[in-house]
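Using the hints, position chain B with the ligand against chain A.
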Amino acid sequence: MTYDAIIIGAGMSGLAAGIRLAQYDRRVIVVERHNLWGGLNSFYTLGGRRFDVGLHALTNYAPPGTKGVPLTRVLRQLRLKHEDLRLGEQRCSEILLPDLRMTFTNDFEHFRAEVARAFPTEVPGFERLVQAVRDYAIGQDRPADQSARKVLPEFLGDPLLREALLVPITYYCSAREDDCDWHSFVILFRSMFLEGLSRPDGGVRTLLNLLIKRFKQVQGELCMGNGVRRILVDGGAARGVELEDGTLLEAELVLSSAGLTETMQLCGRQDLVRPADVGRITFVESISILDRLPEECGHVAATSFFSTGVPLRYRPPSDGLVDVASGVISSPNNFVSDQPPEEGCMRLTFLADHDRWCALEEDAYREAKAREVERAIATAAQLTFDWRPYTVFQDIFTPRTIRHYTGHVNGAVYGSPHKRHDGSTQVDGVFLCGTDQGYLGVIGALVSGISMANRYALVSA
Amino acid sequence: MTREEIIIAIKDIIETIAPDEETANLDPAERLRDQIDLDSMDFLDIVMELRKLYGVQVPEEDYKELATLNGCVQYLEPHLSDKPLHCAAQA
Ligand SMILES: Cc1cc2nc3c(=O)[nH]c(=O)nc-3n(C[C@H](O)[C@H](O)[C@H](O)COP(=O)(O)OP(=O)(O)OC[C@H]3O[C@@H](n4cnc5c(N)ncnc54)[C@H](O)[C@@H]3O)c2cc1C
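Quick mapping for you: the protein sequence lines, in order, are chains A and B. With the first sequence counted from 1, adding 42 to any position gets you the working numbering. With the second sequence counted from 1, adding 157 to any position gets you the working numbering.
For the record, the hints were derived by calculation from the structure and aren't laboratory data. No experiment lies behind these values; they were computed from the predicted model shown. We put the CB at the ideal spot given by N, CA and C, even for glycine. One or more hints might be untrue.
Over the 10 Å line for every Cβ pair with chain B, so calculated as not near, a few chain A residues [what the hints assert, rightly or not]:
id: 1; residue: Asp67
id: 2; residue: Gly107
id: 3; residue: Gln119
id: 4; residue: Lys123
id: 5; residue: Val165
id: 6; residue: Glu219
id: 7; residue: Lys258
id: 8; residue: Gly269
id: 9; residue: Arg272
id: 10; residue: Glu286
id: 11; residue: Ser360
id: 12; residue: Gly362
id: 13; residue: Pro383
id: 14; residue: Ile492
id: 15; residue: Leu500
id: 16; residue: Val501
Only pairs whose alpha carbons sit at most 20 Å apart, straight line, appear in this in silico PhoX-like list of lysine-lysine [what the hints assert, rightly or not]:
id: 17; chain 1: B; residue 1: Lys168; chain 2: B; residue 2: Lys209
id: 18; chain 1: A; residue 1: Lys109; chain 2: B; residue 2: Lys240
id: 19; chain 1: A; residue 1: Lys258; chain 2: A; residue 2: Lys123
id: 20; chain 1: A; residue 1: Lys258; chain 2: B; residue 2: Lys240
id: 21; chain 1: A; residue 1: Lys123; chain 2: A; residue 2: Lys255
id: 22; chain 1: B; residue 1: Lys168; chain 2: B; residue 2: Lys240
DEER-style ranges, computed between Cβ atoms [said to hold, decoys possible]:
id: 23; chain 1: B; residue 1: Pro185; chain 2: A; residue 2: Leu142; range: 51 to 61 Å
id: 24; chain 1: A; residue 1: Ser502; chain 2: B; residue 2: Glu161; range: 25 to 35 Å
id: 25; chain 1: A; residue 1: His463; chain 2: B; residue 2: Glu161; range: 56 to 66 Å
id: 26; chain 1: B; residue 1: Glu161; chain 2: A; residue 2: Glu286; range: 48 to 58 Å
id: 27; chain 1: A; residue 1: Lys109; chain 2: B; residue 2: Asp219; range: 21 to 31 Å
id: 28; chain 1: B; residue 1: Asp177; chain 2: A; residue 2: Gly90; range: 38 to 48 Å
id: 29; chain 1: B; residue 1: Glu161; chain 2: A; residue 2: Lys109; range: 38 to 48 Å
Excised from the complex, chain A in its bound form (with noise of 0.2 Å):
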């Protein structure tokens, strides 16, 4: 079979990527190895209970019709409508460092008050900050993998403050450990504070179903439960691949959203993958179904970011399964809609080292997970409140899980720390998308589907 694109991965990037090119009638197939789509967004049903693999929250939320916002963007070259995904938003969402809490919400009125309360002498500065960010261009004044660490002081001179606001960034997209690269902190700064949070009601379903709908509509092939084995290279060129029951796909161009090192690997050129390219944070996440919602315990936040310590220590564990000193909380009950979730909901994410998961007998793997998120959320019920008394269902994933149902070496949910921001990679007609080109997060991911089918299958064809 030749086509004129294959797309490794079933994922946001995957799909989106898949859709805008059967959308002008490129012969595409989309080949994933699961038997589900949506690689670390997916979900799953349990104990006759419906999750969502990641999702606690979409970024760049923006009302229809709003101009020049990645949301409008991606809805529009996708033909997706805003209201067919039934965004919820965030009632507010908070950050918790020591002696330290700020709100935000989606109006960045509220998180500029905010800041003008905790850190008045700070203004200006942050000010100049708002303005830095909604100038950046890549590759404009700065390289774009500069360290934010780095460059915050120029515009910030309180520690705390500059902690407040790279906590929740780190966390929501950074492959490097301890830091962040300048080009995501703005993308994320934006995504987060100056658009805002939402959920579809339905969760990620909502979205998947629209993607994967459009992507049928347009008549794209979708190729399930049968992944890429490798990628077929000819002279330093891509010619096709090969799936895992032998059969053969011909193409000159495939976009991976597999990661830089995995899509290497496919290629057979572990060899030019170097160690620092590889990812390793990764996280637990625990989901507790609560017989009673968190608002009546008092808990409103959509998503709280927390370190019980500063700087943030932001890096798998050098001496444990986990880190709990900070994390995410997130609950899918905080969000406004007119379908909320019927059942409470509390999701905690925090820090784990995949290695010494992977390392686990199954008695102890089992027996670690209860007792690290255990540990995990009396931390963080020391910051909201402690929800276990009122849990009726409880499920962990860990970064073995992770890795198994997305294939990211390390279970790294957010790739390699050296983003290849233009896609390419050393094999021609070889191109990557998704995490590893550099754009994260759910809507992240969308637009860089996006993009790097634009510039490689429709603009230069």
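Structure of chain B with the ligand alone, referenced to chain A:
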């Protein structure tokens, strides 16, 4: 297609790719970008729709010719004069 029909065809394409934009009162002499919210991704889509609906290939270096409605007519007339008008919304 007549010159008027080419304008209808372009407006129809814009409404398909940017349904939230109003095209009725566009000034044909002014840049589209200055009147409605269209970025380079949207211009790519105008070109892609032209190709899909009418088989017209616009090379990248000519995208700038499509900046105004008058520019579109000027550039596209030789390619479209013998083609009937379609509706992009159905594609
Ligand atoms: C716990 C958690 C919480 C998150 N919370 C949020 C959130 O609240 N908001 C937000 O915006 N983002 C969140 N994210 C991040 C978001 O999920 C990702 O950034 C985004 O989904 C990445 O999409 P992608 O297409 O780049 O990659 P992926 O989703 O990783 O997709 C890659 C796909 O490729 C497939 N694949 C890999 N190798 C092969 C192969 N050889 N053959 C075939 N298929 C292959 C994989 O199976 C996978 O389906 C979260 C992630 C996690 C893990």
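A quick look at each hint next to the structure:
1. Against chain B, the non-interface label of A:Asp67 is violated: not every CB pair exceeds 10 Å, the least being about 6 Å.
2. A Cβ of chain B approaches the Cβ of A:Gly107 within 10 Å, the least distance being about 4 Å, so the stated non-interface status is violated.
3. Once the 10 Å rule is applied to beta carbons, A:Gln119 is inconsistent with being away from chain B; the minimum gap is 6 Å.
4. Against chain B, the non-interface label of A:Lys123 is violated: not every CB pair exceeds 10 Å, the least being about 8 Å.
5. Separation of A:Val165 from chain B is adequate, the least Cβ-Cβ distance of about 31 Å exceeding the 10 Å criterion.
6. Look at A:Glu219: its CB is around 34 Å from the nearest CB on chain B, clear of 10 Å, so calling it non-interface holds up.
7. Against chain B, the non-interface label of A:Lys258 holds: every CB pair exceeds 10 Å, the least being about 16 Å.
8. Residue placement check: A:Gly269 keeps its beta carbon more than 10 Å from all beta carbons of chain B (closest about 30 Å).
9. With a cut of 10 Å on Cβ distances, A:Arg272 stays outside the contact zone with chain B, its closest approach being about 32 Å.
10. Even its closest Cβ contact with chain B, about 34 Å, leaves A:Glu286 beyond 10 Å, as expected for a residue assigned away from the interface.
11. Chain B leaves A:Ser360 outside its interface by the beta-carbon criterion, the shortest separation being 44 Å against a cut-off of 10 Å.
12. The non-interface label for A:Gly362 is consistent with chain B: the shortest C-beta to C-beta separation is roughly 46 Å, beyond 10 Å.
13. With a minimum CB-CB distance of about 30 Å to chain B, A:Pro383 clears the 10 Å threshold, and the non-interface call stands.
14. Annotated as non-interface, A:Ile492 brings its C-beta within 10 Å of a C-beta of chain B; the closest such distance is 7 Å.
15. Annotated as non-interface, A:Leu500 brings its C-beta within 10 Å of a C-beta of chain B; the closest such distance is 6 Å.
16. Annotated as non-interface, A:Val501 brings its C-beta within 10 Å of a C-beta of chain B; the closest such distance is 6 Å.
17. At most 20 Å may separate the alpha-carbon atoms for a hinted pair to count; B:Lys168 and B:Lys209 meet this at roughly 16 Å.
18. At most 20 Å may separate the alpha-carbon atoms for a hinted pair to count; A:Lys109 and B:Lys240 exceed this at roughly 34 Å.
19. Restraint check for A:Lys258 and A:Lys123: the C-alpha separation of about 16 Å stays at or below 20 Å, so the hint holds.
20. For a cut-off of 20 Å, the pair hint linking A:Lys258 to B:Lys240 is broken: about 29 Å separates their Cα positions.
21. Annotation: proposed proximity of A:Lys123 to A:Lys255 holds, straight-line Cα distance about 13 Å (limit 20 Å).
22. At most 20 Å may separate the alpha-carbon atoms for a hinted pair to count; B:Lys168 and B:Lys240 meet this at roughly 17 Å.
23. For B:Pro185 and A:Leu142, the hinted distance range of 51 to 61 Å is satisfied, since their beta carbons lie about 56 Å from each other.
24. Checked against the hint of 25 to 35 Å, the C-beta distance between A:Ser502 and B:Glu161 comes to roughly 34 Å, which is consistent with it.
25. One distance hint, 56 to 66 Å for the beta-carbon pair A:His463 and B:Glu161, is violated here, with the actual separation near 44 Å.
26. For the pair B:Glu161 and A:Glu286, the beta carbons lie near 56 Å from each other, so the given range of 48 to 58 Å is met.
27. Judged by the Cβ atoms, the range 21 to 31 Å given for A:Lys109 and B:Asp219 holds: they are separated by roughly 26 Å.
28. Between B:Asp177 and A:Gly90 the beta carbon distance is about 40 Å. The supplied range of 38 to 48 Å therefore holds.
29. Remark: the range hint 38 to 48 Å for B:Glu161 to A:Lys109 is contradicted by a beta-carbon distance near 29 Å.
Of the numbered hints listed earlier, those contradicted by the structure are 1, 2, 3, 4, 14, 15, 16, 18, 20, 25 and 29.
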